[in-house]
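K.L.:
Chains as they are written, first to last, in the working numbering: chain A, 114 to 336; chain B, 114 to 336.
Just so you know, not all the hints are guaranteed correct.
Where chains are identical, the list cannot tell them apart; a pair therefore holds if satisfied intra-copy or between any two copies.
The list that follows gives simulated cross-link-like pairs (lysine-lysine, DSS-like), each with its CA atoms no further than 27 Å apart [to be verified]:
1) 313 x 213
2) 332 x 150
3) 158 x 313
4) 307 x 332
5) 158 x 332
6) 150 x 196
7) 158 x 196
8) 332 x 196
9) 332 x 313
10) 313 x 150
11) 307 x 213
12) 196 x 313
13) 213 x 196
14) 213 x 332
Don't read these hints as lab results, they were simulated from the structure.
So the chains spell out like this:
Protein chains: 2
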Amino acid sequence: MSNSDNSFSDSERAGLYRAIYERRDVRSQFLPDPIPKPVLMRLLKAAHHAPSVGFMQPWDFILIDSLEVREEVLASFNEENAKAADNYTGERQQTYRSLKLQGITESPMNLCITCDRSRGGAHVLGRNSIVDMDLFSTCLAVQNLWLAARAEGIGVGWVSIIDQTRLADILNLPENVYPLAYLCLGYVSEFLDKPELETKGWRSRLPLEELVHGNGWGKPLIW
Amino acid sequence: MSNSDNSFSDSERAGLYRAIYERRDVRSQFLPDPIPKPVLMRLLKAAHHAPSVGFMQPWDFILIDSLEVREEVLASFNEENAKAADNYTGERQQTYRSLKLQGITESPMNLCITCDRSRGGAHVLGRNSIVDMDLFSTCLAVQNLWLAARAEGIGVGWVSIIDQTRLADILNLPENVYPLAYLCLGYVSEFLDKPELETKGWRSRLPLEELVHGNGWGKPLIW
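Only chain A is shown next, with the shape it has when bound in the complex (with noise of 0.2 Å):
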C-alpha cells in the first residue's frame, strides 16, 4: 500500500520548484490558440487531486469558451472594477486604471471553478469546527491547476473584480453552489519574470524572515 521509493530525483524536484516560481497571474499575454482537451483535462485532473475536507471534493469545473457569456462576465468586472477604482485618488488611481486587471476575452477558455457547499451532506468529515473548509479546499484545486498549466506553458489570470451573485446568475449555479474562482486560460506569448504589480511599483515582494515566527507570534523561533 506504499510506494517503496518516496524520493523525488533532482530534476523531479527542479521541475516543481520552477512552477511554483515561474507560476503568473497573466492578464496581457495571452494568445488565442485553442487548448486541445487533453492539456485542458490534464489540468482538470491535476484541479480533481487537491486535498479536500473530509474528501468532499466539493469542486465543479465550468468550462466557458463562449463569447457572450464572456462578455457578461465582462461586463460585470467592468462595472466593479469603475466602483475599485475610485477607491484611489491621485497619482495611485492614477497608477491602478493603467493595470490590466483582466484577460477574459483574449483568452481563449476561461473556467468558473465553483464550492458546493452541501456535497456530503450535512457532516463533513473535519468541517464541523470550520465551516468554510469547503473553501479552502476548492482553493488547494485553483492552485494545483494553476501550477499544473504553467508546467504545460499556459498563463492563468484570477479575476477577483467581480459580482459573484452576478456572476452565479450568468452561470445558473444551483443555491448552495458558489463560484469561488474565476480564471482566464491561455497559452502566452512570455511568462513575466516578476509579479505585474510588483515591476509597476504597486506592491514589493515582503522579507519572508520577517513572517517568520517560533511557538507564538512575535516571537524567533530558536533553531
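Given chain A, put chain B in place with the hints provided.
P.N.:
Showing chain B alone in chain A's frame:
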C-alpha cells in the same frame, strides 16, 4: 523581462504532476526526525511565492516545536473531535472513531499559516468585490508548501478539527490575524498510495467527467 524559453522538460513536468498525485494528508506515518532549517525555509519560501490578491502576501508562518504549545492545541482538537463524533451513529460513528485525524505531537514540527486581514490597508487591489480573497490567497500558499513538502519527502497533515478562537489565544495572535491552517510536518515512513478516507471506505473519489460543465451549470461542453 521575460523567460525566453517557457517550456518545461518532460522530467520537470513529471515532477510537478508527481507531487500533485502523490501528495497525501498525513496523520499516522510521521517519523520523529527533525526537519533541517534549510529544508523548512525552502518550504516557507515556496509558500511565500503563492499568488495573492493585489500582491497582498497576507500570510505569516508560526513554526511550533514546543511540546507544551502542541499539547494545548491537541487538547482543543480532542474537545472538538469528541463533539464531531457525536454527529454520527452506529457503524459510521465506529468508523469515525477508528480514524486518526491528527499527528500534532508525533510530528516534529507544527506550522500555523495565518492571514493578516488588515495587511495592505483598507483598499487592497482586487479585494473590493470579494473580501475573502485574502483567505483564499493564503490557501494557495498552503498548497504550494504542501506540494514542496512532498517533493522533499515530508508529509503534511491539515488539522481542521480545532477551535480557531482558542488557537488564536494559544498562539497569541493579534486581533486581525486569522489562524487559517494548522499543519503537522515531518518526514514519513511512507506515503500511502491513496487517501486514507478512500482506503477506509469513508468516501470515494468522484468521477471527474461528472464535475465538468460547459458555459453554464449542468450543460455539456461541445469540444
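K.L.:
Now look at each hint and say whether the structure bears it out.
P.N.:
Now for the hints, and whether the structure bears them out:
In this homomeric assembly, residue 313 and residue 213 come within 27 Å of each other (Cα to Cα) only inside a single copy, at 11 Å, whereas the closest approach across copies is 48 Å. Within a single copy, residue 332 and residue 150 get their C-alpha atoms only as close as 50 Å, which misses the 27 Å cut-off; across copies the closest is 17 Å, which meets it. Taking the shortest alpha-carbon separations for residue 158 and residue 313, only the inter-copy value of 23 Å comes in at or below 27 Å, while the best intra-copy value is 35 Å. Taking the shortest Cα distances, residue 307 and residue 332 never come within 27 Å of each other, neither inside one copy (31 Å) nor across copies (38 Å).
For a Cα distance limit of 27 Å, the shortest separation of residue 158 from residue 332 across copies, 19 Å, qualifies, whereas the shortest one inside one copy, 41 Å, does not. Taking the closest pair of Cα atoms, residue 150 and residue 196 never come within 27 Å of each other, the shortest separation being 37 Å inside a single copy and 45 Å across copies. In this assembly of identical chains, residue 158 and residue 196 lie within 27 Å of each other by CA distance neither inside one copy nor across copies; the values are 36 Å within and 34 Å between. For the identical chains of this complex, residue 332 and residue 196 are neighbours neither inside a copy (40 Å) nor across copies (33 Å), given an alpha-carbon limit of 27 Å.
In this assembly of identical chains, residue 332 and residue 313 lie within 27 Å of each other by CA distance neither inside one copy nor across copies; the values are 34 Å within and 41 Å between. When the C-alpha separation of residue 313 and residue 150 is checked against a cutoff of 27 Å, the pair qualifies neither within a copy, at 35 Å, nor between copies, at 34 Å. Taking CA atoms no more than 27 Å apart as the test, residue 307 paired with residue 213 passes inside one copy only; the shortest distance there is 15 Å, against 42 Å between copies. Taking the shortest Cα distances, residue 196 and residue 313 sit within 27 Å of each other inside one copy (21 Å), while across copies they are farther apart (50 Å).
When the C-alpha separation of residue 213 and residue 196 is checked against a cutoff of 27 Å, the pair qualifies only within one copy, where the shortest distance is 15 Å, while the shortest distance between copies is 48 Å. With identical chains, the CA atoms of residue 213 and residue 332 are never at most 27 Å apart, being 40 Å at best within one copy and 31 Å at best between copies.
The structure does not agree with the numbered hints 4, 6, 7, 8, 9, 10, 14 stated previously, though it agrees with the rest.
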